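Asks: Residue numbers (the working numbering), protein chains in the order written: chain Z, 215 to 501; chain Y, 215 to 501.
There may be inaccurate statements among the hints.
Okay, derived cross-link-like pairs now, DSS-like style, lysine-lysine, Cα gap no bigger than 27 Å in a straight line [claimed, not checked]: (1) Y:Lys354 to Z:Lys259; (2) Y:Lys237 to Z:Lys237; (3) Y:Lys259 to Z:Lys354; (4) Y:Lys293 to Z:Lys354; (5) Z:Lys418 to Z:Lys237; (6) Z:Lys237 to Y:Lys354.
No wet-lab data here; the hints were simulated from the structure.
Nothing here was measured: the structure is a model prediction, and the numbers come from that model.
As a plain string of letters, each chain reads:
There are 2 protein chains.
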Amino acid sequence: MKIIGEPHAMQGLAEELRGQGRKIALVPTMGCLHEGHLSLMREGKKRADTLVVSVFVNPTQFGPQEDLGAYPRDFEQDKSFMQEVGVDWVFCPTDKGMYPDGYQTYLTVEEVTQNLCGRSRPTHFRGVATVVTKLFHIVKPHFALFGKKDFQQLVVIRRMVEDLNLDIEIVGCPIVREPDGLAMSSRNKYLSPDERKEALALRKALDRARDLYRNGERSAQVLVDEAHRILGLHPCIRADYVSLCDTGTLTDVETIEGETVMAIAAFAGNTRLIDNCVLTDLGKEGI
Amino acid sequence: MKIIGEPHAMQGLAEELRGQGRKIALVPTMGCLHEGHLSLMREGKKRADTLVVSVFVNPTQFGPQEDLGAYPRDFEQDKSFMQEVGVDWVFCPTDKGMYPDGYQTYLTVEEVTQNLCGRSRPTHFRGVATVVTKLFHIVKPHFALFGKKDFQQLVVIRRMVEDLNLDIEIVGCPIVREPDGLAMSSRNKYLSPDERKEALALRKALDRARDLYRNGERSAQVLVDEAHRILGLHPCIRADYVSLCDTGTLTDVETIEGETVMAIAAFAGNTRLIDNCVLTDLGKEGI
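Given only the sequences and the hints, what does the whole structure look like? Please build it.
Replies: Rendered as structure tokens:
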């Protein structure tokens with residue numbers, strides 16, 4: 215496993231690998247790796263000859279009041295995980311390397327960023343789309359892998375890739391959960407023991423909505439109200455949103471007909487957590 | 215010379231050419247080709263093995279009140295020019311091919327688009343940056359060639375390419391002029407005989423500023439006032455702006471010290487014309 219920090223050096227390497235006919239897979243991360251990231255890396259290794267993992271806490275996707283400074287970093291631990299999985303190259307640029315003085319170019323994906331997390335994090339997806347495009351240009355992957363836990367992010371990236379004619383296959387991978395069902399997230403480290411217990415409320419609310427859906431309920435309002443009721447049973451938990459959306463456009467639905475996702479964001483104390491379940495996918499995958 | 219309309223087909227071809235180790239040059243155009251475009255193509259042929267010219271009147275770079283519908287198109291004439299120069303591939307997608315239903319991703323280059331044409335055409339460079347990025351992803355060029363007549367466009371594209379880590383060399387080529395000095399432009403076709411004569415006012419104003427600069431004048435205000443005075447001598451001509459800017463940031467300067475461009479936009483009747491002169495470049499190139 216080799217580590218590379220300079221964007222030009224990474225790009226030169228990628229061009230060389232492509233010249234040799236090798237297929238490149240990229241897993242973009244912000245470090246603080248957990249089993250969710252590792253599952254993406256294993257899938258990347260299956261699909262490509264060379265696996266590149268980027269580790270970069272991207273400042274442009276954090277709002278001014280958000281946790282950029284506090285975001286957990288543990289590069290030594292990350293390296294040992296990546297070594298274990300068999301990562302070939304780790305790309306870990308500096309902030310200045312990615313955003314030098316005078317930087318001023320941004321991507322916006324206009325519609326699918328309006329709802330859900332886009333409401334409370336208005337510049338988040340602009341930062342995500344911008345950094346992911348930069349990483350794609352630097353690492354030149356054939357495949358890029360993203361987790362379905364960040365459902366809206368995956369929709370934004372797929373939309374951007376299609377709109378901008380990026381010649382990259384986007385692979386969405388299943389949510390990885392702790393044994394008790396909490397979706398894995400680097401931010402779970404922030405949780406106090408009480409918050410950690412109550413964080414399960416998100417999963418419980420999704421489970422309840424899934425059960426109602428399976429029993430024939432098709433009213434979005436009924437499912438959303440029931441999910442809110444369950445979140446409300448947990449004193450540490452404060453809902454940001456519970457939405458039932460079309461999986462393609464991410465606009466709210468009133469009645470569940472086409473492919474529909476229930477997406478939840480909620481604070482456990484000061485920690486913002488997200489989780490989701492594609493209700494209409496249950497035959498295929500479950501949550 | 216082969217013609218290709220479908221973005222995926224063009225992209226597949228480009229990937230194949232790259233796999234064979236061939237170097238690709240791209241000249242993006244909106245058709246209605248003139249000697250300015252042909253000079254870009256000749257330069258592209260010198261630098262690469264395969265020359266691709268795109269012909270696409272890009273709707274997203276026209277404002278609602280602008281001349282999208284009237285923009286001159288003559289594909290038969292264009293084809294014979296391109297054949298003559300030895301173009302290998304012509305990429306001419308449809309509007310729907312480039313912007314299918316649901317399209318929603320745009321690039322903004324924030325600072326260098328504020329001044330000059332950005333003032334009167336607030337969404338123009340967003341459209342330019344977006345379509346050029348799409349063309350880069352589709353055609354996968356090693357080199358892309360742009361004329362210096364569209365000076366701000368060239369600055370925007372260089373900035374975007376650097377910011378987004380696009381692995382493409384941007385080549386800026388000298389302005390090509392009619393024998394009397396008018397900068398070549400597809401929009402010159404709109405001019406009535408009287409307007410065509412008076413359109414020379416832009417060049418005359420630049421000449422006058424250049425002479426004053428050569429004689430030691432360094433005050434931007436003096437040069438700008440003098441250029442306005444010359445434009446004002448022509449009844450068909452109405453100035454949009456006359457600016458003296460830093461060639462990198464495109465911010466106005468008060469005193470000419472670093473690399474400085476005089477840029478002019480003016481209406482001849484209803485036709486908007488632009489021209490420019492890098493005053494501090496005169497030893498190297500002239501106008």
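Asks: All the hints need checking, so say for each whether the structure fits it.
Replies: So, going through the hints one by one against the coordinates:
no., hint, verdict
1, Y:Lys354 to Z:Lys259, "holds, 26 Å"
2, Y:Lys237 to Z:Lys237, "holds, 20 Å"
3, Y:Lys259 to Z:Lys354, "holds, 26 Å"
4, Y:Lys293 to Z:Lys354, "violated, 34 Å"
5, Z:Lys418 to Z:Lys237, "violated, 40 Å"
6, Z:Lys237 to Y:Lys354, "holds, 17 Å"
When the structure is compared with the earlier hints, violations turn up for hints 4, 5 and for no others.
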